[in-house]
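Number of protein chains: 2
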Amino acid sequence: MDHVSEIITANRSRFLAELEEFLCFPSVAGNPLGLGQAAGWVANRLTALGGRVRVLPTGTPATGGAMGGLVEQPSVVFAETGQGPLSLLSYTHYDVQPPDPLELWDTPPFEPSQRDGKLYARGATDDKGDTLARIQAVEVYKQAYGELPFRLKFFVEGEEEVGSPHLVPLAEQYADLLRSDGVIWEGGSFDEAERYTVYCGVKGICFVELRVRGGAHDLHSAYASIVPSPAWRLVQALSTFKDTHDNITIDGFMDLVRPSTPAELDYMRRIPFPGAQMKANWGIPAFIEDADDRTAAIRFISQPTCNICGLVSGFSDEGAKTVLPSTASVKMDFRLVPDLTPEAVIGLLRRHLDRRGFRDVEIVSWDGMVAARSDVTAPVVQAVIAAAQRVYGQEPVVYPSHGGSGPMHALVQGLGMDGIMVGVGYSGEHMHAPNENIRLDDYFRHIEFLVEFLRRFPSTARASTDAAAAA
Amino acid sequence: MDHVSEIITANRSRFLAELEEFLCFPSVAGNPLGLGQAAGWVANRLTALGGRVRVLPTGTPATGGAMGGLVEQPSVVFAETGQGPLSLLSYTHYDVQPPDPLELWDTPPFEPSQRDGKLYARGATDDKGDTLARIQAVEVYKQAYGELPFRLKFFVEGEEEVGSPHLVPLAEQYADLLRSDGVIWEGGSFDEAERYTVYCGVKGICFVELRVRGGAHDLHSAYASIVPSPAWRLVQALSTFKDTHDNITIDGFMDLVRPSTPAELDYMRRIPFPGAQMKANWGIPAFIEDADDRTAAIRFISQPTCNICGLVSGFSDEGAKTVLPSTASVKMDFRLVPDLTPEAVIGLLRRHLDRRGFRDVEIVSWDGMVAARSDVTAPVVQAVIAAAQRVYGQEPVVYPSHGGSGPMHALVQGLGMDGIMVGVGYSGEHMHAPNENIRLDDYFRHIEFLVEFLRRFPSTARASTDAAAAA
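Heads up: the protein sequence lines correspond to chains C and Z, in order. Mind the numbering: the first sequence is residues 4 to 474 in our numbering, read in order. Mind the numbering: the second sequence is residues 4 to 474 in our numbering, read in order.
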């Protein structure tokens with residue numbers, strides 16, 4: 004280990020110069036030049052590592068339209084390095100969030116700047132830092148231990164910040180190429196109390212709009228005694244989705260929620276959940292049903308949601324206007340857990356409404372993503388935990404799932420794999436905001452952590468295979 | 004009768020010139036000169052009639068504010084004419100709706116113009132036509148039959164188009180002066196099928212806003228599993244106000260709805276209700292609960308409403324935004340029937356919500372007005388019906404109540420009286436719209452009808468008193 008750390012120190016200034024170079028490219032959606040430069044730079048860097056690089060084209064525009072043409076479709080840079088029967092897939096991305104509002108940056112977003120031991124630039128943490136740290140970690144590994152005894156597959160995409168529209172078809176098209184014995188995803192960071200935190204999944208999402216239409220136009224409200232009201236229909240329909248204790252009562256919905264495993268429960272119970280701080284920040288007196296911190300943490304991580312994002316009907320200004328609105332709609336998002344797919348939710352909603360006579364309530368699907376949830380006992384997860392404990396000197400905080408949603412499923416459970424989110428960030432990283440930054444010490448320790456993980460992964464995976472074979 | 008009709012014909016051109024003169028004054032809210040001119044003209048015309056005129060000041064501004072000062076408060080012109088133990092109150096107003104949009108008028112709104120037997124001007128029907136027709140009717144009556152054998156009290160206000168903010172305090176202050184044996188209100192007109200239509204009441208109104216507040220700001224919707232949602236609270240609270248058959252289920256609400264009397268039901272059943280036409284105009288396949296025309300008519304006239312005017316919470320634009328809104332509100336109007344006062348409704352709402360644990364739902368009262376409903380067998384109503392039948396040659400259509408709301412209660416039931424809406428309008432009058440007009444023949448026949456009513460009123464009232472004494 005000391006050896007590894009010495010190699011990193013010896014390469015520190017070159018590694019940092021490479022990172023700054025990578026961060027200069029404005030690889031923002033809609034900027035084909037910046038995206039192309041970043042993709043080319045990654046391909047080149049992977050070749051220099053000794054990787055077998057290929058470009059996976061994302062094909063014709065998924066949604067058609069004016070942007071069209073292959074040239075504007077950011078391709079996936081794929082590379083494989085190492086040899087052996089085992090393999091590991093690494094997912095990161097080279098595109099970054101738009102830097103607006105520019106005036107809030109202390110230094111320009113695409114001119115990396117070091118201050119107080121931090122490196123400021125758009126993409127420093129999300130996700131160029133993660134991407135390059137993994138490449139450099141392999142270089143350090145090779146210098147320390149020789150060739151990787153398994154195949155590490157880099158999958159570096161350029162559309163993450165616009166919702167990864169090609170991830171599902173790419174996963175299907177290149178299933179054999181991508182399928183491995185585990186996945187390391189982007190993300191993971193130090194929390195406010197400097198505890199290293201990793202995530203074994205993300206929630207899915209189903210964003211829908213429910214619409215009810217009445218007459219041809221709004222009417223004088225004097226007619227409310229005889230003219231059916233879309234707003235009342237919507238309220239009546241919605242009210243059947245939840246009880247007054249905030250339990251979701253859509254027929255069959257909760258039946259699709261897998262109970263947490265004993266191992267998941269064990270990890271969730273150890274998650275520090277600063278309930279008092281969250282409630283103070285948000286200005287709420289209590290969590291739903293006055294849940295204590297542990298219960299709230301478990302709900303947040305493991306339970307689906309049925310949320311109203313927006314209600315719209317009729318008059319919305321100050322004062323009084325006596326109108327019977329001709330339309331009413333609600334925008335809703337459901338945060339999904341495994342098995343509860345967007346398709347399942349829409350089917351359940353339709354049947355639930357129809358059974359209650361609400362055939363007039365139209366369901367419009369806006370967005371959908373399947374949840375990802377890995378087995379917390381999987382080798383890739385356990386190797387990460389062991390490596391983090393070794394390098395960071397503390398047990399990492401393990402979330403069986405992130406509370407938010409992401410496109411992890413397509414490349415992980417979608418291909419029958421387990422995966423875990425690890426990354427270079429910290430609580431002050433300003434992700435998606437002005438002055439995005441990483442702490443330089445975090446960056447180099449993350450490389451050290453990754454080397455340790457690469458060292459442990461094959462034996463952990465083999466032990467797991469042997470145990471399975473023996474059982 | 005022939006004699007009356009001859010007198011009207013003899014005075015036709017002068018009566019018309021007077022009406023045109025009256026219609027020239029731009030007596031619109033916010034125009035003190037125009038309002039003052041109209042008030043002065045009415046006072047003068049009533050003096051010329053032999054009336055004992057007095058001005059009832061509306062006092063200091065009811066709502067305070069920048070408009071302040073007595074000079075800007077349109078006073079009520081009050082006058083009494085005739086002698087006798089019986090009395091009758093006439094309510095009309097000299098203020099008019101703003102004429103905007105001006106460009107849609109074929110001739111200027113305050114330059115009366117005759118075309119095709121119609122007189123076009125703002126206020127022609129609402130309500131200078133009604134006001135002057137009543138003054139001229141008394142003049143004709145006097146010429147035909149001599150002094151009025153009862154006291155007719157003219158109450159001509161100047162704030163009707165801004166919601167009659169001083170009517171309730173004025174009614175209290177001048178109760179003894181105003182209390183009479185019946186009231187004739189403004190309104191009433193020929194319908195599309197040229198049936199003369201009168202109304203024995205109007206609905207009240209209670210306009211409220213219900214608000215639920217959550218945290219200090221909107222949150223990322225990932226937290227929906229642990230953070231209480233104001234939008235869901237509002238939906239759950241609202242859903243208890245109505246069942247899925249559109250019955251109002253607010254505790255105690257329907258208990259305050261008086262059953263219709265046999266006489267009211269009799270009139271309501273004779274009301275022509277063009278249901279098919281209404282449904283086609285509005286683009287709806289059916290009335291609530293597929294009511295037939297007769298049922299719909301009775302509901303529209305006699306039942307209160309609980310209507311959603313507007314729903315507001317969170318995200319209202321195109322597309323998807325995953326947010327947990329921190330506030331939710333609904334604007335509602337209740338159309339009220341007698342006994343179901345705005346105060347009663349707000350009290351019932353509060354208790355209904357509290358009983359179900361919705362103490363967090365705030366009720367903001369925006370507007371309130373008590374319903375008016377007169378006894379359809381009252382002398383003033385029966386005298387109107389008999390006079391209409393005589394002059395118009397047909398049974399009038401009698402609505403026990405208008406479906407809309409108005410400030411009738413203060414001067415009618417509020418002072419223990421019965422009243423009825425009669426007026427000079429017709430279905431093409433364009434009330435509150437550009438090109439407001441009356442048909443000139445309607446105007447002079449309306450004077451004839453009013454004379455006949457004035458002739459019948461004392462005997463009808465005396466017969467009723469005698470019957471009551473005998474019983």
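Among the hints, a few may not be true.
Computed list of lysine to aspartate or glutamate pairs in EDC-like fashion (alpha-carbon distance at most 20 Å, straight line) [as the list claims (entries may be wrong)]:
id: 1; chain 1: Z; residue 1: Lys-282; chain 2: Z; residue 2: Glu-292
id: 2; chain 1: C; residue 1: Lys-324; chain 2: Z; residue 2: Asp-194
id: 3; chain 1: C; residue 1: Lys-245; chain 2: Z; residue 2: Asp-246
id: 4; chain 1: Z; residue 1: Lys-282; chain 2: C; residue 2: Asp-103
id: 5; chain 1: C; residue 1: Lys-282; chain 2: C; residue 2: Asp-363
id: 6; chain 1: C; residue 1: Lys-245; chain 2: Z; residue 2: Asp-363
id: 7; chain 1: Z; residue 1: Lys-121; chain 2: Z; residue 2: Asp-109
id: 8; chain 1: C; residue 1: Lys-324; chain 2: Z; residue 2: Glu-164
id: 9; chain 1: Z; residue 1: Lys-324; chain 2: C; residue 2: Asp-370
id: 10; chain 1: Z; residue 1: Lys-121; chain 2: Z; residue 2: Asp-246
id: 11; chain 1: Z; residue 1: Lys-245; chain 2: C; residue 2: Glu-212
id: 12; chain 1: Z; residue 1: Lys-324; chain 2: C; residue 2: Asp-363
id: 13; chain 1: Z; residue 1: Lys-324; chain 2: C; residue 2: Asp-246
id: 14; chain 1: Z; residue 1: Lys-145; chain 2: Z; residue 2: Glu-21
id: 15; chain 1: C; residue 1: Lys-324; chain 2: Z; residue 2: Asp-246
id: 16; chain 1: Z; residue 1: Lys-282; chain 2: Z; residue 2: Asp-194
id: 17; chain 1: Z; residue 1: Lys-324; chain 2: C; residue 2: Asp-194
id: 18; chain 1: Z; residue 1: Lys-245; chain 2: C; residue 2: Asp-363
id: 19; chain 1: C; residue 1: Lys-282; chain 2: Z; residue 2: Asp-295
id: 20; chain 1: Z; residue 1: Lys-121; chain 2: Z; residue 2: Glu-23
id: 21; chain 1: Z; residue 1: Lys-282; chain 2: C; residue 2: Asp-221
id: 22; chain 1: C; residue 1: Lys-121; chain 2: C; residue 2: Asp-221
id: 23; chain 1: C; residue 1: Lys-324; chain 2: Z; residue 2: Asp-370
id: 24; chain 1: C; residue 1: Lys-282; chain 2: Z; residue 2: Asp-194
Simulated DEER-style distance windows between Cβ atoms [stated by the list, open to error]:
id: 25; chain 1: Z; residue 1: Pro-35; chain 2: C; residue 2: Arg-362; range: 35 to 41 Å
id: 26; chain 1: C; residue 1: Thr-264; chain 2: Z; residue 2: Asp-293; range: 26 to 32 Å
id: 27; chain 1: C; residue 1: Arg-362; chain 2: Z; residue 2: Pro-111; range: 30 to 36 Å
id: 28; chain 1: Z; residue 1: Thr-110; chain 2: C; residue 2: Gly-360; range: 27 to 33 Å
id: 29; chain 1: Z; residue 1: Gly-431; chain 2: C; residue 2: Ser-368; range: 44 to 50 Å
id: 30; chain 1: C; residue 1: Thr-264; chain 2: Z; residue 2: Glu-292; range: 48 to 54 Å
id: 31; chain 1: C; residue 1: Asp-469; chain 2: Z; residue 2: Gly-322; range: 34 to 40 Å
id: 32; chain 1: C; residue 1: Ile-251; chain 2: Z; residue 2: His-223; range: 18 to 24 Å
id: 33; chain 1: Z; residue 1: Arg-358; chain 2: C; residue 2: Asp-370; range: 54 to 60 Å
id: 34; chain 1: C; residue 1: Asp-370; chain 2: Z; residue 2: Arg-261; range: 34 to 40 Å
id: 35; chain 1: Z; residue 1: Thr-264; chain 2: C; residue 2: Asp-254; range: 42 to 48 Å
id: 36; chain 1: C; residue 1: Glu-321; chain 2: Z; residue 2: Arg-465; range: 49 to 55 Å
Note that these hints are calculated values from the structure, not bench results. A quick note: this is a predicted structure, and the numbers were derived from the prediction, not measured. Every residue gets a Cβ at the ideal spot worked out from N, C-alpha and C, and that includes glycine.
Evaluated hints:
Taken as a hint, the Lys-282 of chain Z and Glu-292 of chain Z pair is honoured in the structure, with Cα atoms around 14 Å apart against an allowance of 20 Å. Proximity of Lys-324 of chain C to Asp-194 of chain Z is assessed by CA-CA distance (about 26 Å); at most 20 Å being required, the pair is judged violated. Under the criterion of a C-alpha separation no larger than 20 Å, the hint pairing Lys-245 of chain C with Asp-246 of chain Z is consistent with the structure, at around 17 Å. Among the hinted pairs, Lys-282 of chain Z with Asp-103 of chain C is inconsistent with the structure: their alpha-carbon atoms are about 51 Å apart, more than 20 Å.
For the suggested pair Lys-282 of chain C and Asp-363 of chain C, the alpha carbons sit about 39 Å apart, so the restraint of at most 20 Å is broken. A hinted pair counts as satisfied when its Cα atoms are at most 20 Å apart, and Lys-245 of chain C with Asp-363 of chain Z qualifies at roughly 18 Å. Our distance criterion of 20 Å between C-alpha atoms is met by Lys-121 of chain Z and Asp-109 of chain Z, whose separation comes to about 13 Å. With a CA separation close to 15 Å, the supplied pair Lys-324 of chain C and Glu-164 of chain Z stays within the 20 Å bound.
A C-alpha spacing of about 10 Å is found between Lys-324 of chain Z and Asp-370 of chain C, which places the hinted pair at or below 20 Å, so the restraint holds. Among the hinted pairs, Lys-121 of chain Z with Asp-246 of chain Z is inconsistent with the structure: their alpha-carbon atoms are about 49 Å apart, more than 20 Å. Note on Lys-245 of chain Z and Glu-212 of chain C: the hinted pairing is violated, with a Cα-Cα distance of about 23 Å set against a maximum of 20 Å. Taking the CA atoms of Lys-324 of chain Z and Asp-363 of chain C, the gap is about 24 Å. The hint is violated against a cut of 20 Å.
At roughly 24 Å between alpha-carbon atoms, Lys-324 of chain Z and Asp-246 of chain C are farther apart than 20 Å, so this suggested pair is violated. This hinted pair checks out: Lys-145 of chain Z and Glu-21 of chain Z have alpha carbons roughly 18 Å apart, not beyond 20 Å. Taken as a hint, the Lys-324 of chain C and Asp-246 of chain Z pair is broken in the structure, with Cα atoms around 24 Å apart against an allowance of 20 Å. Annotation: proposed proximity of Lys-282 of chain Z to Asp-194 of chain Z holds, straight-line Cα distance about 18 Å (limit 20 Å).
For a cut-off of 20 Å, the pair hint linking Lys-324 of chain Z to Asp-194 of chain C is broken: about 26 Å separates their Cα positions. A threshold of 20 Å between alpha carbons decides the hint, and for Lys-245 of chain Z with Asp-363 of chain C the separation of about 18 Å falls inside it, so the pair holds. Pair hint Lys-282 of chain C plus Asp-295 of chain Z does not hold up; C-alpha atoms about 54 Å apart against a cutoff of 20 Å. The straight-line distance between the Cα atoms of Lys-121 of chain Z and Glu-23 of chain Z is roughly 12 Å, inside the 20 Å bound, and the hint therefore holds.
Between Lys-282 of chain Z and Asp-221 of chain C the alpha-carbon distance is near 13 Å, which keeps this suggested pair within the 20 Å criterion. Restraint check: the Cα-Cα separation between Lys-121 of chain C and Asp-221 of chain C comes to about 57 Å, which exceeds 20 Å; the hinted pair is violated. Straight-line distance between C-alpha atoms of Lys-324 of chain C and Asp-370 of chain Z comes to about 10 Å, which keeps the hinted pair within the 20 Å bound. Under the criterion of a C-alpha separation no larger than 20 Å, the hint pairing Lys-282 of chain C with Asp-194 of chain Z is inconsistent with the structure, at around 61 Å.
About 57 Å separates the C-beta atoms of Pro-35 of chain Z and Arg-362 of chain C, a value inconsistent with the hinted range of 35 to 41 Å. The hinted range of 26 to 32 Å is not satisfied by Thr-264 of chain C and Asp-293 of chain Z, whose Cβ atoms lie roughly 53 Å apart. At about 53 Å, the beta-carbon gap between Arg-362 of chain C and Pro-111 of chain Z misses the expected band of 30 to 36 Å. Remark: the range hint 27 to 33 Å for Thr-110 of chain Z to Gly-360 of chain C is contradicted by a beta-carbon distance near 54 Å.
Hint check: Gly-431 of chain Z to Ser-368 of chain C, Cβ distance near 48 Å, so the stated range 44 to 50 Å holds. A hinted range of 48 to 54 Å holds for the C-beta pair Thr-264 of chain C and Glu-292 of chain Z, which are about 51 Å apart. Between Asp-469 of chain C and Gly-322 of chain Z the Cβ separation comes to about 51 Å, which falls outside the hinted range of 34 to 40 Å. For Ile-251 of chain C and His-223 of chain Z, the Cβ-Cβ distance of about 19 Å falls inside the hinted range of 18 to 24 Å, so the restraint holds.
Under the hint 54 to 60 Å, the C-beta atoms of Arg-358 of chain Z and Asp-370 of chain C, about 40 Å apart, miss the expected range. At roughly 52 Å, the beta-carbon separation of Asp-370 of chain C and Arg-261 of chain Z lies outside the given 34 to 40 Å, and the hint is violated. Between Thr-264 of chain Z and Asp-254 of chain C the beta carbons are some 47 Å apart, a value that agrees with the proposed interval 42 to 48 Å. Range check, Glu-321 of chain C to Arg-465 of chain Z: about 52 Å between beta-carbon atoms, so the 49 to 55 Å window is met.
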